[in-house]
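Engineer: Here's the letter readout for the chains.
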Amino acid sequence: MATPVRELIQESPHASHLDEAVGEVFSLMMGVSCAPGGEAVSEDRETITAVIGFAGAMSGACTLRCDQQAALRMAECMVGVRPDELDATVKDAIGEVCNMVAGAWKGKNTVLAAGCMLSTPAVVTGTNYQLHLQQPEFRVDRNYRFEEYAVCISIVCESIQ
Amino acid sequence: MSEIAALIVDDSSVMRKIVERALRQAGLSLNKVHEASSGVEALDLLKSERVQLILSDINMPMMDGLEFLRQLRAQQLAPDVPVVMITTESSEEHVREAILAGAQGYIRKPFTAEQVKERVLPLLEPA
Chain A
1 MATPVRELIQ ESPHASHLDE AVGEVFSLMM GVSCAPGGEA VSEDRETITA VIGFAGAMSG
61 ACTLRCDQQA ALRMAECMVG VRPDELDATV KDAIGEVCNM VAGAWKGKNT VLAAGCMLST
121 PAVVTGTNYQ LHLQQPEFRV DRNYRFEEYA VCISIVCESI Q
Chain B
1001 MSEIAALIVD DSSVMRKIVE RALRQAGLSL NKVHEASSGV EALDLLKSER VQLILSDINM
1061 PMMDGLEFLR QLRAQQLAPD VPVVMITTES SEEHVREAIL AGAQGYIRKP FTAEQVKERV
1121 LPLLEPA
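Protein sequence lines correspond, in order, to chains A and B. At position 46 of the first sequence the residue is numbered 46 (this note's numbering), and the sequence of numbers has no breaks. Add 1000 to a position in the second sequence, counting from 1, and you land on the number used in this note's numbering.
Since the hints were made in silico from the structure, they are not lab data. For glycine and all other residues, C-beta sits at the position ideal for the given N, C-alpha and C. Don't take every hint at face value.
Stated by the list, open to error - A few chain A positions that, by computed beta-carbon distances, are all more than 10 angstroms from chain B:
hint: 1; residue: Thr3
hint: 2; residue: Glu24
hint: 3; residue: Met78
hint: 4; residue: Val79
hint: 5; residue: Asp84
hint: 6; residue: Asn99
hint: 7; residue: Ala114
hint: 8; residue: Gln134
hint: 9; residue: Phe138
hint: 10; residue: Arg142
To be verified - For each label pair, taking beta carbons as the anchor points, the in silico distance ranges come out as:
hint: 11; chain 1: B; residue 1: Ala1074; chain 2: A; residue 2: Val124; range: 18 to 24 angstroms
hint: 12; chain 1: B; residue 1: Glu1114; chain 2: A; residue 2: Ser16; range: 37 to 43 angstroms
hint: 13; chain 1: A; residue 1: Thr120; chain 2: B; residue 2: Lys1117; range: 40 to 46 angstroms
hint: 14; chain 1: A; residue 1: Ser42; chain 2: B; residue 2: Lys1047; range: 47 to 53 angstroms
hint: 15; chain 1: B; residue 1: Pro1122; chain 2: A; residue 2: Ala40; range: 31 to 37 angstroms
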């Protein structure tokens, strides 16, 4: 008997898949290694958060949050020039990193790869804000470190079809 | 290989720069790189500009990459120009759908210049 879709999604090793996806994206697109560990991103400073929505077999979101310096460094790695501030290029870059992490993560599960779509990125900047999501089916929250910078990435599953 | 003009279609300007860089690192001689931030913009551009290669994202607002490809073929714009999709969508079903819509190649993000070289250069060799 075929394994139900719900089981195939719920029992997938989401955290290790996320770690692999993050490592691939940072290495291939930015040329830096990014590994789990380190402190969470401080909410006292201005931070930038990108959100990619999931829809289809799973609904939910992937979020990527970092502070200004980390965002500037990521944009520099991608475009070759360090922007002076959180401008449109930086927001675009962070949105794309989140997009690629979300896509690489879902691609590691055959059900999600085929049956789950991604939204275009939404990017939020500011200080002292929290993201609130309804009671999820599951969520994965990971802190990562690349060079001296911290990045927090989350996968939140609101529901499975 | 002679110099070519390429069109890169992606709603992210950062990604368009990365794709152009990867094409050059892959050894392509580009005499012109056109950019479009949407399928609509790309179709409009192709009515007046000649290119020898098109690379397109799939997930874009207004008109996604697959619909852009279908419109490209239906309007017979750039009929002999190879189209390579560059996208985060990675399943075999997505690849199949892109090929059925008329794409000649498919590159998954994140990618390396080597992967771009492997997928794109053979499409530009003379028959």
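Engineer: Run every hint past the structure and note whether it holds.
Structural biologist: Hint-by-hint comparison with the structure:
At roughly 18 angstroms from the closest C-beta of chain B, the C-beta of A/Thr3 stays outside 10 angstroms, upholding its exclusion from the interface. A beta-carbon of chain B is positioned within 10 angstroms of the beta-carbon of A/Glu24; the least distance is around 6 angstroms. Not every CB of chain B is more than 10 angstroms from the CB of A/Met78 (nearest about 6 angstroms), against its label as outside the interface. Residue-level check failed: A/Val79 sits 6 angstroms from the nearest beta carbon of chain B, not beyond 10 angstroms.
In this structure A/Asp84 is separated from chain B by more than 10 angstroms, as the shortest Cβ-Cβ distance comes to about 16 angstroms. In this structure A/Asn99 is not separated from chain B by more than 10 angstroms, as the shortest Cβ-Cβ distance comes to only about 6 angstroms. Remark: the non-interface label on A/Ala114 conflicts with the geometry, its nearest Cβ contact in chain B lying 4 angstroms away (cut-off 10 angstroms). At roughly 24 angstroms, the least C-beta separation between A/Gln134 and chain B is larger than 10 angstroms, which holds for a residue marked as non-interface.
For A/Phe138, the condition that its CB be more than 10 angstroms from all CB atoms of chain B holds, with the nearest at approximately 21 angstroms. Against the 10 angstroms criterion, A/Arg142 stays outside the reach of chain B, whose nearest CB is about 18 angstroms from its own CB. A C-beta distance of roughly 38 angstroms is found between B/Ala1074 and A/Val124, which places it outside the suggested range of 18 to 24 angstroms. Range check, B/Glu1114 to A/Ser16: about 26 angstroms between beta-carbon atoms, so the 37 to 43 angstroms window is missed.
Checked against the hint of 40 to 46 angstroms, the C-beta distance between A/Thr120 and B/Lys1117 comes to roughly 28 angstroms, which is inconsistent with it. Distance hint check: the CB atoms of A/Ser42 and B/Lys1047 are about 51 angstroms apart, consistent with the given range 47 to 53 angstroms. The beta-carbon spacing between B/Pro1122 and A/Ala40, approximately 46 angstroms, falls outside the hinted interval of 31 to 37 angstroms.
Hints 2, 3, 4, 6, 7, 11, 12, 13, 15, counting from the list given before, are not met by this structure.
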